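Mind docking these for me? Both chains are given alone in their own frames, and the hints should help you get the complex.
Below, each chain spelled out in residue letters.
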Amino acid sequence: MVTAAEAFNRLRERAESIKNDSAQTFPEAASAEDYVRQGDLYITRLDRLPYGASEIPYANQLAPGTSRGSRHCLSHDRVVMYQIKDHGPLDGPILRVAEPVTITHPEHGDWILGKGIYQITYQRAFAEELRAVLD
Amino acid sequence: MDKIKSLTPEQQQQLIADREKYLRLGLTTDRAPRAEVEQAVAAVRSFLGKPCDKVWWFDGPATASIAAHLLRNNLRENLRDNLWENLGDNLWENLGINLGNNLGNNLRDNLRDNPDGVRMQPAFWGGLELYWIAYYLWPHDTLRPIHTEEQATQLRHWVTLAKAGCWIPFTGVNILCEPPSQIRRQDGRLHNDTGPAVEFRDGWVHWSINGVAVDEQVVMRPESQTIEQIRGDDNEERRRIRIERYGWTRYLEDIHAKIKDTRRNDVDGTDEILLDGDNMVVLVCACPSTARVYGMEVPNDIKSCEQAQRWLRNTERGFCLGAS
Numbered sequence: 000m001v002t003a004a005e006a007f008n009r010l011r012e013r014a015e016s017i018k019n020d021s022a023q024t025f026p027e028a029a030s031a032e033d034y035v036r037q038g039d040l041y042i043t044r045l046d047r048l049p050y051g052a053s054e055i056p057y058a059n060q061l062a063p064g065t066s067r068g069s070r071h072c073l074s075h076d077r078v079v080m081y082q083i084k085d086h087g088p089l090d091g092p093i094l095r096v097a098e099p100v101t102i103t104h105p106e107h108g109d110w111i112l113g114k115g116i117y118q119i120t121y122q123r124a125f126a127e128e129l130r131a132v133l134d
Numbered sequence: 000m001d002k003i004k005s006l007t008p009e010q011q012q013q014l015i016a017d018r019e020k021y022l023r024l025g026l027t028t029d030r031a032p033r034a035e036v037e038q039a040v041a042a043v044r045s046f047l048g049k050p051c052d053k054v055w056w057f058d059g060p061a062t063a064s065i066a067a068h069l070l071r072n073n074l075r076e077n078l079r080d081n082l083w084e085n086l087g088d089n090l091w092e093n094l095g096i097n098l099g100n101n102l103g104n105n106l107r108d109n110l111r112d113n114p115d116g117v118r119m120q121p122a123f124w125g126g127l128e129l130y131w132i133a134y135y136l137w138p139h140d141t142l143r144p145i146h147t148e149e150q151a152t153q154l155r156h157w158v159t160l161a162k163a164g165c166w167i168p169f170t171g172v173n174i175l176c177e178p179p180s181q182i183r184r185q186d187g188r189l190h191n192d193t194g195p196a197v198e199f200r201d202g203w204v205h206w207s208i209n210g211v212a213v214d215e216q217v218v219m220r221p222e223s224q225t226i227e228q229i230r231g232d233d234n235e236e237r238r239r240i241r242i243e244r245y246g247w248t249r250y251l252e253d254i255h256a257k258i259k260d261t262r263r264n265d266v267d268g269t270d271e272i273l274l275d276g277d278n279m280v281v282l283v284c285a286c287p288s289t290a291r292v293y294g295m296e297v298p299n300d301i302k303s304c305e306q307a308q309r310w311l312r313n314t315e316r317g318f319c320l321g322a323s
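If you're matching them up, the sequences are chains A and B in order.
Numbering that gives the first Met the number 0 numbers the first residue of the first sequence as 0 and each following residue consecutively.
Numbering that gives the first Met the number 0 numbers the first residue of the second sequence as 0 and each following residue consecutively.
In short, the hints are calculated from the structure, not lab data.
Take these hints with a grain of salt, some might be off.
Listed next, the in silico DSS-like pairs over lysine-lysine satisfying Cα-Cα at most 27 Å (straight line) [as the list claims (entries may be wrong)]:
id: 1; chain 1: B; residue 1: 4; chain 2: B; residue 2: 20
id: 2; chain 1: B; residue 1: 4; chain 2: A; residue 2: 114
id: 3; chain 1: A; residue 1: 18; chain 2: B; residue 2: 259
id: 4; chain 1: B; residue 1: 259; chain 2: B; residue 2: 302
Remember, it's a predicted structure, so these values are computed and weren't measured experimentally.
Same shape as in the complex, but just chain B (with noise of 0.2 Å):
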């Protein structure tokens, strides 16, 4: 059987519809359906030949974790492990053999890129991980069967499962938890400058900007970070987070920084700075589609505003035409 390489115009819109139903399913901040999510683990359960209908709902991830930490000893195995087994190569194999590979990243980049992630003790997020469970869906249900009927059934088991916040199995009890109470977003991206852009109801907070994770000094107290903070982050996307939220002004003084060069950058229009300070040389820059502005860290020997940009390129050779 030959392997579906595009999508017909009518697909393409369907994908784009049931990205957006997905979505909606999987931000949703409303109280999980119990009857019907422990349903769900039932029916997954009986499937790994694993039966347990008991079942301990909590507020969020925090308190559940603490559960599961607190009675691991007395419940045996979590079963997080054989989950996965079960499921995950079937469903890439499934998917490899049926879609080209630039249709497969096509769907991946629509359904299944989750752009902020948080680590508990959970084996799944509930609505957070409802990306790939739609990823692997989609194509069954929109393009033509590729899955087995009970592999589809399975996966729709996944899909009410994610109804819940969290799932912790073990072999004498399930542990559940509800979805967030608040979920906070710009431009699509998890975000929030003035608290938690992921809130649960039992106080379990995540942060982000801009779809960044970051921690709680960041949002709430940025001017009492320390420069050795900010130095020490080597996420240059939450380091510029970090110097925007702290202040730019205020960071080139308290590093005393000094001019050793400026120029207006005839490709895009933009102006450059070379500035030298707590024996740190920083171009700083801004990106002419965002206006965003960058600094980044260049050799102590680097003169020049044009120097540095031939560093960060690693070569000399060529003109620059363009930037975006």
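Chain A extracted, bound-state conformation (with noise of 0.2 Å):
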């Protein structure tokens, strides 16, 4: 039987050897709810804008916080901004894309977005009230 000692230098192991920040594209196959991760910030398609969206400001960064693990960011400010209405910790903002845009970030792989929407969530922390990861 393996034990958690033996899982976990074979888990760091195979991390080293794969290891890869290329930038990668949102499928555009991609059905709705579909999504991908930039390390704790998920990118989900959405076929539509929800129900009671409001455009919001633009702004470049798409996570809170001011350390380097929150710059998730645009490369470019021709995006539409909205979020819903009573949204919680975890709910980012909701994209509009028209032109291709790529959120970038210093430690992660980038991620090209096409056109389409796109809703920003947050991971998800343990704690007794939601709270999204402090990162």
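Structure follows, in structure tokens:
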């Protein structure tokens, strides 16, 4: 039987052997609700704007915070942003992308988004109340 | 007047060059040019209508703060609030009037962000705060005048003040200190895994790993940490650093973790382990971009790696098509 320590060592060796921070493109053939992950940020394809979503001011950084880890940023400002009413702490903005845009990050590989609508959400943290990962 | 929404290629290049210039100045470990700094102090105080040319220099912020604390009752008014009332709002408004949102944010990312802050008594942290002065001065110097001549002159005094380590202004005296004697960085972030990341000449130090503020124990005696200390840290990044320094294998053994599930994540090719130990269930996985290993606590009723990933995303819907 593999011990926890042995499994961990294998995990680390595997990660080192395959690590790759190249830019990737959100698959065009994705269905609604399919998603990709950049660190602790999820980018989910939507087929339409959610009911009740209202436009909000553009913000280049998609995750709250001032740390390096929170710098998931858009490569240009020609993206319209929305937010749903009564959104929770894990709900980020909704992006309407008319021309390809890249979500950059200083550590995680970039994601290129094609034309479409995307919902940004944040990874959950284990706490008594729901809160986004303090990154 | 229209807001400026983007930089020309020449301005973009100038931004990069000037950022490096300000960075060099802000990270200096040379002793302060005292006469020059004292002149800037006098100029700023004169602008406030609070002239005072008495200056006490110290080797670092600790001794400077101690002096300020001991003498506080005798030094009457601390002028810290006066400084910001006169300077802060005007500058911010000038930027907002002249620069489009995206450009302002871009400039902030390039010039202003300070990955590590230290908290003590000073009203001004010298070179460590040069980022905000650069943020307000650069558009004025390079794009178009956005401040009054008086405001721009004041900002340039602050550039000179940034050659000191810190400034604590009182009604009767100015307390100043020398800049750090050592600043250690890696990939642009404060970092030293064998000692302090920042050292001042009075012995005060700041500890940082990968730009994350930690304490002396995490750097110098990580093996002495307790499981309670590690679990009690609510900053995910610092907790990861704590565990890494403590040793993942040792940590897993010390919490007597048992494997609940393992899998190869077919989306990004990494391995995942769900561990159960010390009344805690943790999903251990690696970042496909950096290979850093993360441990994320999930509820005790989670039974599989896939279930844990779905819990972290807070929804069962959709398929993951990629990760970075």
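Hints versus structure:
{"no.": "1", "hint": "B:4 - B:20", "in the structure": "24 Å, holds"}
{"no.": "2", "hint": "B:4 - A:114", "in the structure": "23 Å, holds"}
{"no.": "3", "hint": "A:18 - B:259", "in the structure": "25 Å, holds"}
{"no.": "4", "hint": "B:259 - B:302", "in the structure": "7 Å, holds"}
Taken one by one, the earlier hints all hold for this structure without exception.
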